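Novice: Sequence:
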Amino acid sequence: MQNLKRNERFFLTVTLFSSFFTSLMAPFWVIYFNKINLDFSQISLLIIINHIAVILFEIPTGALADTYSRKFSVLLSLLIGSLTSIGIYFNTSFTVLLFLYFLSGVGATLNSGAFESWFADSFLLGQKEMDLTKYWGRLTSFNYLGSTIGFLGGSVLVRYNIFREIWLIEGIGIFLVFIYVFLAGKEAKLQKKTDEYSYREYFNKIAKGTVYLFKHRILLSITVGSFFFFFSSGIMSMLWQPYFERAGIPVELFGIILALTMVLSIFVPRYADRIAERFGGAARTLMIVSITSALFIFMMYAIPKYSFIPYIIYTAVYSAHTPIFMSYFNKLIPSSERATIISIYSLFISVSTILCTYSFGVLSDKKGLYAALFLSLITALISSIPFKRAIGLEKEL
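Numbering (this note's numbering), first residue to last: 1 to 397.
No lab work stands behind these hints: they were computed from the structure.
Remember, it's a predicted structure, so these values are computed and weren't measured experimentally.
Hints should not be assumed to be uniformly reliable.
[What the hints assert, rightly or not] Listed below are the simulated EDC-like cross-link pairs for lysine to aspartate or glutamate, each with C-alpha atoms no more than 16 Å apart in a straight line: (1) Lys331 / Glu394; (2) Lys186 / Asp365; (3) Lys134 / Glu252; (4) Lys367 / Glu116; (5) Lys186 / Glu245; (6) Lys35 / Glu116; (7) Lys331 / Asp273; (8) Lys305 / Glu245; (9) Lys35 / Glu245; (10) Lys5 / Asp121; (11) Lys71 / Glu116; (12) Lys71 / Asp39; (13) Lys186 / Glu116.
[What the hints assert, rightly or not] Label pairs and their in silico Cβ distance ranges: (14) Arg284 / Gly137: 46 to 56 Å; (15) Tyr306 / Ile52: 34 to 44 Å; (16) Phe72 / Leu176: 39 to 49 Å; (17) Lys395 / Ile52: 32 to 42 Å; (18) Ser335 / Ile378: 15 to 25 Å.
Every residue, glycine too, gets a C-beta built ideally from N, C-alpha and C.
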(Lines of atoms letter the chains of each structure in order from A; the text may use other names.)
(Lines give C-alpha, C1' and ligand atoms only; values in the text may rest on other atoms or scores of the structure.)
Protein backbone atom coordinates (compact mmCIF):
# COMPACT_ATOMS: atom_id res chain seq x y z
CA MET A 1 0.00 0.00 0.00
CA GLN A 2 2.87 2.37 0.82
CA ASN A 3 4.43 1.69 -2.61
CA LEU A 4 1.11 2.46 -4.29
CA LYS A 5 0.85 5.79 -2.49
CA ARG A 6 4.45 6.64 -3.38
CA ASN A 7 3.84 5.74 -7.02
CA GLU A 8 0.67 7.79 -7.16
CA ARG A 9 2.36 10.81 -5.54
CA PHE A 10 5.20 10.62 -8.06
CA PHE A 11 2.94 10.53 -11.14
CA LEU A 12 0.60 13.22 -9.79
CA THR A 13 3.56 15.51 -9.07
CA VAL A 14 5.01 15.03 -12.56
CA THR A 15 1.61 15.63 -14.17
CA LEU A 16 0.85 18.75 -12.10
CA PHE A 17 4.15 20.51 -12.72
CA SER A 18 4.68 19.48 -16.35
CA SER A 19 1.16 20.66 -17.27
CA PHE A 20 1.73 23.87 -15.27
CA PHE A 21 4.96 24.83 -17.05
CA THR A 22 3.75 23.87 -20.54
CA SER A 23 0.57 25.95 -20.04
CA LEU A 24 2.27 29.24 -19.15
CA MET A 25 2.63 30.38 -22.78
CA ALA A 26 -0.48 28.61 -24.12
CA PRO A 27 -2.77 31.69 -23.97
CA PHE A 28 -0.24 33.91 -25.77
CA TRP A 29 1.92 31.89 -28.18
CA VAL A 30 0.30 33.15 -31.40
CA ILE A 31 0.60 36.74 -30.13
CA TYR A 32 4.26 36.14 -29.25
CA PHE A 33 5.20 34.90 -32.72
CA ASN A 34 3.29 37.81 -34.26
CA LYS A 35 5.32 40.21 -32.13
CA ILE A 36 8.63 38.77 -33.41
CA ASN A 37 7.39 39.51 -36.96
CA LEU A 38 6.18 36.07 -38.04
CA ASP A 39 3.09 36.27 -40.23
CA PHE A 40 0.16 33.88 -39.81
CA SER A 41 1.35 31.62 -42.65
CA GLN A 42 4.69 31.15 -40.91
CA ILE A 43 3.02 30.48 -37.55
CA SER A 44 0.80 27.91 -39.26
CA LEU A 45 3.85 26.19 -40.76
CA LEU A 46 5.31 25.78 -37.26
CA ILE A 47 2.22 23.82 -36.20
CA ILE A 48 2.11 21.83 -39.45
CA ILE A 49 5.75 20.74 -39.13
CA ASN A 50 5.04 19.75 -35.54
CA HIS A 51 2.11 17.54 -36.62
CA ILE A 52 4.17 15.99 -39.41
CA ALA A 53 6.84 15.04 -36.87
CA VAL A 54 4.19 13.42 -34.68
CA ILE A 55 2.82 11.37 -37.59
CA LEU A 56 6.30 10.25 -38.71
CA PHE A 57 7.68 9.34 -35.28
CA GLU A 58 4.65 7.93 -33.46
CA ILE A 59 5.54 4.33 -34.35
CA PRO A 60 9.33 4.24 -33.73
CA THR A 61 9.09 6.17 -30.45
CA GLY A 62 6.32 3.83 -29.29
CA ALA A 63 8.62 0.92 -30.02
CA LEU A 64 11.39 2.60 -28.00
CA ALA A 65 9.14 2.90 -24.94
CA ASP A 66 7.85 -0.69 -25.21
CA THR A 67 11.13 -2.44 -25.93
CA TYR A 68 13.67 -0.39 -24.00
CA SER A 69 12.39 1.81 -21.16
CA ARG A 70 9.34 3.96 -20.55
CA LYS A 71 11.23 6.05 -18.02
CA PHE A 72 13.97 6.71 -20.58
CA SER A 73 11.35 7.69 -23.19
CA VAL A 74 9.66 10.13 -20.78
CA LEU A 75 13.03 11.59 -19.72
CA LEU A 76 14.06 12.13 -23.34
CA SER A 77 10.70 13.79 -24.02
CA LEU A 78 11.15 16.17 -21.08
CA LEU A 79 14.72 16.99 -22.10
CA ILE A 80 13.63 17.79 -25.66
CA GLY A 81 10.72 19.88 -24.33
CA SER A 82 13.06 21.85 -22.11
CA LEU A 83 15.63 22.44 -24.85
CA THR A 84 13.03 23.52 -27.43
CA SER A 85 11.43 26.05 -25.06
CA ILE A 86 14.82 27.52 -24.15
CA GLY A 87 15.75 27.45 -27.85
CA ILE A 88 12.64 29.46 -28.75
CA TYR A 89 13.60 32.07 -26.13
CA PHE A 90 17.04 32.55 -27.69
CA ASN A 91 15.97 32.46 -31.36
CA THR A 92 13.75 34.51 -33.66
CA SER A 93 14.95 32.92 -36.93
CA PHE A 94 12.03 31.25 -38.69
CA THR A 95 14.27 28.42 -39.97
CA VAL A 96 15.51 27.65 -36.46
CA LEU A 97 11.96 27.83 -35.08
CA LEU A 98 10.80 25.32 -37.72
CA PHE A 99 13.53 22.92 -36.58
CA LEU A 100 12.59 23.44 -32.91
CA TYR A 101 8.90 22.78 -33.58
CA PHE A 102 9.77 19.62 -35.52
CA LEU A 103 11.92 18.53 -32.58
CA SER A 104 9.07 19.37 -30.21
CA GLY A 105 6.80 17.03 -32.20
CA VAL A 106 9.35 14.22 -31.84
CA GLY A 107 9.49 14.92 -28.11
CA ALA A 108 5.70 14.74 -27.86
CA THR A 109 5.66 11.26 -29.42
CA LEU A 110 8.26 10.08 -26.89
CA ASN A 111 5.85 10.97 -24.09
CA SER A 112 2.70 9.88 -25.93
CA GLY A 113 1.64 6.56 -24.43
CA ALA A 114 4.93 6.05 -22.56
CA PHE A 115 3.95 8.07 -19.47
CA GLU A 116 0.46 6.50 -19.30
CA SER A 117 1.89 3.00 -19.81
CA TRP A 118 4.49 3.58 -17.09
CA PHE A 119 1.73 4.86 -14.80
CA ALA A 120 -0.48 1.80 -15.44
CA ASP A 121 2.40 -0.69 -15.12
CA SER A 122 3.43 0.75 -11.76
CA PHE A 123 0.01 -0.17 -10.36
CA LEU A 124 -0.88 -3.30 -12.32
CA LEU A 125 2.39 -5.21 -11.99
CA GLY A 126 1.45 -8.16 -9.80
CA GLN A 127 -2.14 -6.87 -9.43
CA LYS A 128 -3.67 -7.47 -12.84
CA GLU A 129 -7.28 -7.16 -11.61
CA MET A 130 -6.79 -3.77 -9.97
CA ASP A 131 -9.32 -1.09 -11.01
CA LEU A 132 -7.40 2.02 -12.05
CA THR A 133 -10.44 4.24 -12.67
CA LYS A 134 -9.98 6.40 -9.56
CA TYR A 135 -6.24 6.74 -10.24
CA TRP A 136 -6.82 7.79 -13.86
CA GLY A 137 -9.40 10.27 -12.57
CA ARG A 138 -6.90 11.82 -10.17
CA LEU A 139 -4.23 11.98 -12.88
CA THR A 140 -6.65 13.76 -15.22
CA SER A 141 -7.72 16.16 -12.45
CA PHE A 142 -4.10 17.08 -11.69
CA ASN A 143 -3.47 17.63 -15.41
CA TYR A 144 -6.41 20.05 -15.60
CA LEU A 145 -5.39 21.70 -12.33
CA GLY A 146 -1.82 22.24 -13.51
CA SER A 147 -3.01 23.67 -16.83
CA THR A 148 -5.48 26.04 -15.16
CA ILE A 149 -2.86 27.37 -12.73
CA GLY A 150 -0.44 27.69 -15.66
CA PHE A 151 -2.91 29.78 -17.68
CA LEU A 152 -3.47 32.08 -14.70
CA GLY A 153 0.25 32.23 -13.96
CA GLY A 154 0.93 33.24 -17.56
CA SER A 155 -1.57 36.09 -17.23
CA VAL A 156 0.19 37.35 -14.09
CA LEU A 157 3.57 37.29 -15.86
CA VAL A 158 2.23 39.17 -18.89
CA ARG A 159 0.54 41.69 -16.58
CA TYR A 160 4.02 42.57 -15.28
CA ASN A 161 5.52 42.75 -18.79
CA ILE A 162 7.24 39.36 -18.55
CA PHE A 163 6.44 37.95 -21.99
CA ARG A 164 9.32 36.51 -23.98
CA GLU A 165 10.90 35.26 -20.75
CA ILE A 166 7.97 32.87 -20.29
CA TRP A 167 9.69 30.53 -22.78
CA LEU A 168 12.78 30.50 -20.57
CA ILE A 169 10.74 29.92 -17.39
CA GLU A 170 8.92 27.08 -19.17
CA GLY A 171 12.17 25.49 -20.34
CA ILE A 172 13.83 25.69 -16.91
CA GLY A 173 10.66 24.39 -15.24
CA ILE A 174 10.45 21.38 -17.55
CA PHE A 175 14.14 20.67 -16.88
CA LEU A 176 13.41 20.64 -13.12
CA VAL A 177 10.67 18.07 -13.81
CA PHE A 178 13.26 16.10 -15.82
CA ILE A 179 15.61 16.06 -12.80
CA TYR A 180 12.76 14.96 -10.50
CA VAL A 181 11.78 12.09 -12.84
CA PHE A 182 15.42 11.04 -13.17
CA LEU A 183 15.93 10.93 -9.39
CA ALA A 184 12.53 9.76 -8.13
CA GLY A 185 11.11 7.69 -10.99
CA LYS A 186 11.12 3.94 -10.35
CA GLU A 187 10.45 1.58 -13.23
CA ALA A 188 9.84 -2.11 -12.72
CA LYS A 189 11.67 -4.52 -15.00
CA LEU A 190 9.24 -5.59 -17.67
CA GLN A 191 9.44 -8.39 -20.16
CA LYS A 192 10.63 -6.78 -23.35
CA LYS A 193 8.55 -7.23 -26.45
CA THR A 194 9.93 -9.17 -29.35
CA ASP A 195 7.29 -7.89 -31.79
CA GLU A 196 8.66 -5.70 -34.52
CA TYR A 197 7.01 -2.40 -35.27
CA SER A 198 6.97 -1.58 -38.94
CA TYR A 199 5.49 1.06 -41.18
CA ARG A 200 4.37 -1.72 -43.53
CA GLU A 201 2.23 -3.24 -40.78
CA TYR A 202 0.92 0.23 -39.89
CA PHE A 203 -0.11 1.04 -43.48
CA ASN A 204 -1.67 -2.42 -43.90
CA LYS A 205 -3.86 -1.67 -40.88
CA ILE A 206 -4.67 1.76 -42.27
CA ALA A 207 -5.74 0.24 -45.61
CA LYS A 208 -7.86 -2.43 -43.94
CA GLY A 209 -9.54 0.08 -41.63
CA THR A 210 -10.21 2.53 -44.47
CA VAL A 211 -12.04 -0.15 -46.48
CA TYR A 212 -14.21 -0.98 -43.47
CA LEU A 213 -14.93 2.69 -42.77
CA PHE A 214 -16.03 3.45 -46.34
CA LYS A 215 -18.33 0.42 -46.37
CA HIS A 216 -20.09 1.47 -43.16
CA ARG A 217 -22.24 4.45 -44.19
CA ILE A 218 -23.05 5.76 -40.70
CA LEU A 219 -19.41 5.51 -39.59
CA LEU A 220 -18.30 7.32 -42.72
CA SER A 221 -20.92 10.06 -42.28
CA ILE A 222 -20.01 10.87 -38.69
CA THR A 223 -16.27 10.71 -39.49
CA VAL A 224 -16.75 13.28 -42.27
CA GLY A 225 -18.82 15.39 -39.87
CA SER A 226 -16.08 15.25 -37.25
CA PHE A 227 -13.46 16.10 -39.92
CA PHE A 228 -15.22 19.40 -40.68
CA PHE A 229 -16.01 20.05 -37.01
CA PHE A 230 -12.33 19.83 -36.07
CA PHE A 231 -11.39 21.85 -39.16
CA SER A 232 -13.59 24.63 -37.77
CA SER A 233 -12.36 24.32 -34.17
CA GLY A 234 -8.75 24.10 -35.36
CA ILE A 235 -9.09 27.51 -36.98
CA MET A 236 -10.60 28.86 -33.77
CA SER A 237 -7.68 27.54 -31.72
CA MET A 238 -5.28 29.62 -33.85
CA LEU A 239 -7.59 32.60 -34.33
CA TRP A 240 -8.86 33.61 -30.92
CA GLN A 241 -5.65 35.21 -29.60
CA PRO A 242 -4.96 37.66 -32.45
CA TYR A 243 -8.70 38.27 -32.90
CA PHE A 244 -9.15 39.23 -29.24
CA GLU A 245 -6.04 41.41 -29.28
CA ARG A 246 -7.24 43.35 -32.32
CA ALA A 247 -10.68 43.69 -30.74
CA GLY A 248 -9.03 45.54 -27.85
CA ILE A 249 -9.25 42.82 -25.20
CA PRO A 250 -6.18 43.09 -22.91
CA VAL A 251 -3.65 40.30 -23.52
CA GLU A 252 -3.12 39.77 -19.78
CA LEU A 253 -6.74 38.55 -19.57
CA PHE A 254 -6.14 35.73 -22.05
CA GLY A 255 -4.93 33.31 -19.37
CA ILE A 256 -8.04 33.99 -17.28
CA ILE A 257 -10.23 33.39 -20.34
CA LEU A 258 -8.47 30.11 -21.07
CA ALA A 259 -8.75 29.07 -17.40
CA LEU A 260 -12.53 29.65 -17.56
CA THR A 261 -12.79 27.53 -20.72
CA MET A 262 -10.82 24.79 -18.95
CA VAL A 263 -13.23 24.78 -15.99
CA LEU A 264 -16.22 24.47 -18.34
CA SER A 265 -14.44 21.77 -20.35
CA ILE A 266 -14.10 19.73 -17.16
CA PHE A 267 -17.73 20.20 -16.16
CA VAL A 268 -19.66 19.70 -19.43
CA PRO A 269 -18.25 16.27 -20.52
CA ARG A 270 -19.34 14.76 -17.20
CA TYR A 271 -22.93 15.19 -18.36
CA ALA A 272 -22.39 14.24 -22.01
CA ASP A 273 -24.53 11.10 -21.75
CA ARG A 274 -27.45 13.06 -20.27
CA ILE A 275 -27.08 15.77 -22.91
CA ALA A 276 -27.21 13.18 -25.73
CA GLU A 277 -30.26 11.54 -24.16
CA ARG A 278 -31.98 14.90 -23.70
CA PHE A 279 -31.57 15.84 -27.37
CA GLY A 280 -32.72 12.54 -28.81
CA GLY A 281 -29.57 10.53 -29.46
CA ALA A 282 -25.90 10.97 -30.30
CA ALA A 283 -26.19 11.84 -34.01
CA ARG A 284 -28.86 14.48 -33.39
CA THR A 285 -26.87 15.96 -30.50
CA LEU A 286 -23.69 16.12 -32.60
CA MET A 287 -25.65 17.99 -35.28
CA ILE A 288 -26.96 20.44 -32.66
CA VAL A 289 -23.43 20.91 -31.25
CA SER A 290 -22.17 21.84 -34.74
CA ILE A 291 -24.99 24.33 -35.39
CA THR A 292 -24.70 25.86 -31.90
CA SER A 293 -20.92 26.20 -32.35
CA ALA A 294 -21.53 28.10 -35.60
CA LEU A 295 -24.00 30.38 -33.78
CA PHE A 296 -21.44 31.39 -31.15
CA ILE A 297 -18.75 31.88 -33.80
CA PHE A 298 -21.16 34.28 -35.52
CA MET A 299 -21.66 36.11 -32.22
CA MET A 300 -17.90 36.58 -31.98
CA TYR A 301 -18.09 38.30 -35.36
CA ALA A 302 -21.09 40.41 -34.34
CA ILE A 303 -19.69 41.68 -31.01
CA PRO A 304 -15.87 41.68 -31.36
CA LYS A 305 -15.34 43.86 -28.28
CA TYR A 306 -17.10 41.26 -26.11
CA SER A 307 -16.20 38.25 -28.25
CA PHE A 308 -14.60 36.49 -25.27
CA ILE A 309 -18.11 35.81 -23.87
CA PRO A 310 -19.44 33.76 -26.84
CA TYR A 311 -15.96 32.17 -27.14
CA ILE A 312 -16.12 30.84 -23.58
CA ILE A 313 -19.61 29.44 -24.22
CA TYR A 314 -18.40 28.03 -27.57
CA THR A 315 -15.65 26.04 -25.82
CA ALA A 316 -18.22 24.58 -23.42
CA VAL A 317 -20.36 23.44 -26.36
CA TYR A 318 -17.25 22.16 -28.17
CA SER A 319 -16.22 20.06 -25.14
CA ALA A 320 -19.42 18.00 -25.45
CA HIS A 321 -18.47 16.76 -28.94
CA THR A 322 -15.71 14.25 -28.20
CA PRO A 323 -17.32 12.21 -25.36
CA ILE A 324 -20.60 11.97 -27.28
CA PHE A 325 -18.89 11.22 -30.59
CA MET A 326 -16.47 8.59 -29.24
CA SER A 327 -19.20 6.74 -27.35
CA TYR A 328 -21.37 6.64 -30.51
CA PHE A 329 -18.40 5.83 -32.77
CA ASN A 330 -17.27 2.88 -30.64
CA LYS A 331 -20.76 1.38 -30.52
CA LEU A 332 -20.65 1.08 -34.32
CA ILE A 333 -17.30 -0.75 -34.44
CA PRO A 334 -16.77 -4.47 -33.76
CA SER A 335 -14.19 -5.16 -31.05
CA SER A 336 -11.88 -6.97 -33.50
CA GLU A 337 -11.61 -3.82 -35.68
CA ARG A 338 -11.75 -1.14 -32.98
CA ALA A 339 -8.07 -0.20 -32.65
CA THR A 340 -7.62 -0.05 -36.43
CA ILE A 341 -10.73 2.06 -37.07
CA ILE A 342 -9.85 4.48 -34.27
CA SER A 343 -6.36 4.82 -35.80
CA ILE A 344 -7.98 5.72 -39.12
CA TYR A 345 -10.18 8.28 -37.38
CA SER A 346 -7.14 9.82 -35.67
CA LEU A 347 -5.39 10.04 -39.04
CA PHE A 348 -8.44 11.82 -40.52
CA ILE A 349 -8.37 14.35 -37.67
CA SER A 350 -4.60 14.87 -38.11
CA VAL A 351 -5.17 15.67 -41.80
CA SER A 352 -8.01 18.02 -40.82
CA THR A 353 -5.71 19.79 -38.34
CA ILE A 354 -2.96 20.26 -40.92
CA LEU A 355 -5.37 21.56 -43.56
CA CYS A 356 -7.18 23.98 -41.25
CA THR A 357 -3.87 25.28 -39.89
CA TYR A 358 -2.62 25.96 -43.43
CA SER A 359 -5.96 27.56 -44.38
CA PHE A 360 -5.91 29.82 -41.34
CA GLY A 361 -2.40 31.07 -42.12
CA VAL A 362 -2.95 31.79 -45.80
CA LEU A 363 -6.44 33.27 -45.40
CA SER A 364 -5.53 35.47 -42.42
CA ASP A 365 -2.52 36.94 -44.23
CA LYS A 366 -4.30 37.53 -47.53
CA LYS A 367 -7.86 38.38 -46.48
CA GLY A 368 -7.69 39.08 -42.74
CA LEU A 369 -8.88 37.48 -39.52
CA TYR A 370 -12.58 38.06 -40.31
CA ALA A 371 -12.22 35.83 -43.38
CA ALA A 372 -10.67 33.06 -41.26
CA LEU A 373 -13.49 33.44 -38.71
CA PHE A 374 -16.04 33.15 -41.53
CA LEU A 375 -14.38 29.93 -42.76
CA SER A 376 -14.60 28.52 -39.23
CA LEU A 377 -18.31 29.39 -39.12
CA ILE A 378 -19.03 27.83 -42.54
CA THR A 379 -17.16 24.58 -41.80
CA ALA A 380 -18.96 24.27 -38.44
CA LEU A 381 -22.27 24.47 -40.34
CA ILE A 382 -21.03 22.01 -42.99
CA SER A 383 -20.14 19.54 -40.24
CA SER A 384 -23.81 19.37 -39.22
CA ILE A 385 -24.81 17.96 -42.64
CA PRO A 386 -23.10 14.51 -42.29
CA PHE A 387 -24.52 14.19 -38.77
CA LYS A 388 -27.97 14.94 -40.21
CA ARG A 389 -27.27 12.25 -42.83
CA ALA A 390 -26.41 9.79 -40.05
CA ILE A 391 -29.82 10.42 -38.45
CA GLY A 392 -31.46 9.48 -41.76
CA LEU A 393 -29.32 6.33 -42.10
CA GLU A 394 -30.27 5.28 -38.55
CA LYS A 395 -33.96 5.49 -39.51
CA GLU A 396 -33.34 3.39 -42.62
CA LEU A 397 -31.70 0.68 -40.55
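Novice: Now, for every hint given, state plainly whether the structure supports it.
Specialist: Verification of the supplied hints:
{"no.": "1", "hint": "Lys331 / Glu394", "verdict": "holds, 13 Å"}
{"no.": "2", "hint": "Lys186 / Asp365", "verdict": "violated, 49 Å"}
{"no.": "3", "hint": "Lys134 / Glu252", "verdict": "violated, 36 Å"}
{"no.": "4", "hint": "Lys367 / Glu116", "verdict": "violated, 43 Å"}
{"no.": "5", "hint": "Lys186 / Glu245", "verdict": "violated, 45 Å"}
{"no.": "6", "hint": "Lys35 / Glu116", "verdict": "violated, 36 Å"}
{"no.": "7", "hint": "Lys331 / Asp273", "verdict": "holds, 14 Å"}
{"no.": "8", "hint": "Lys305 / Glu245", "verdict": "holds, 10 Å"}
{"no.": "9", "hint": "Lys35 / Glu245", "verdict": "holds, 12 Å"}
{"no.": "10", "hint": "Lys5 / Asp121", "verdict": "holds, 14 Å"}
{"no.": "11", "hint": "Lys71 / Glu116", "verdict": "holds, 11 Å"}
{"no.": "12", "hint": "Lys71 / Asp39", "verdict": "violated, 38 Å"}
{"no.": "13", "hint": "Lys186 / Glu116", "verdict": "holds, 14 Å"}
{"no.": "14", "hint": "Arg284 / Gly137: 46 to 56 Å", "verdict": "violated, 29 Å"}
{"no.": "15", "hint": "Tyr306 / Ile52: 34 to 44 Å", "verdict": "holds, 37 Å"}
{"no.": "16", "hint": "Phe72 / Leu176: 39 to 49 Å", "verdict": "violated, 19 Å"}
{"no.": "17", "hint": "Lys395 / Ile52: 32 to 42 Å", "verdict": "holds, 41 Å"}
{"no.": "18", "hint": "Ser335 / Ile378: 15 to 25 Å", "verdict": "violated, 37 Å"}
Hints 2, 3, 4, 5, 6, 12, 14, 16 and 18, counting from the list given before, are not met by this structure.
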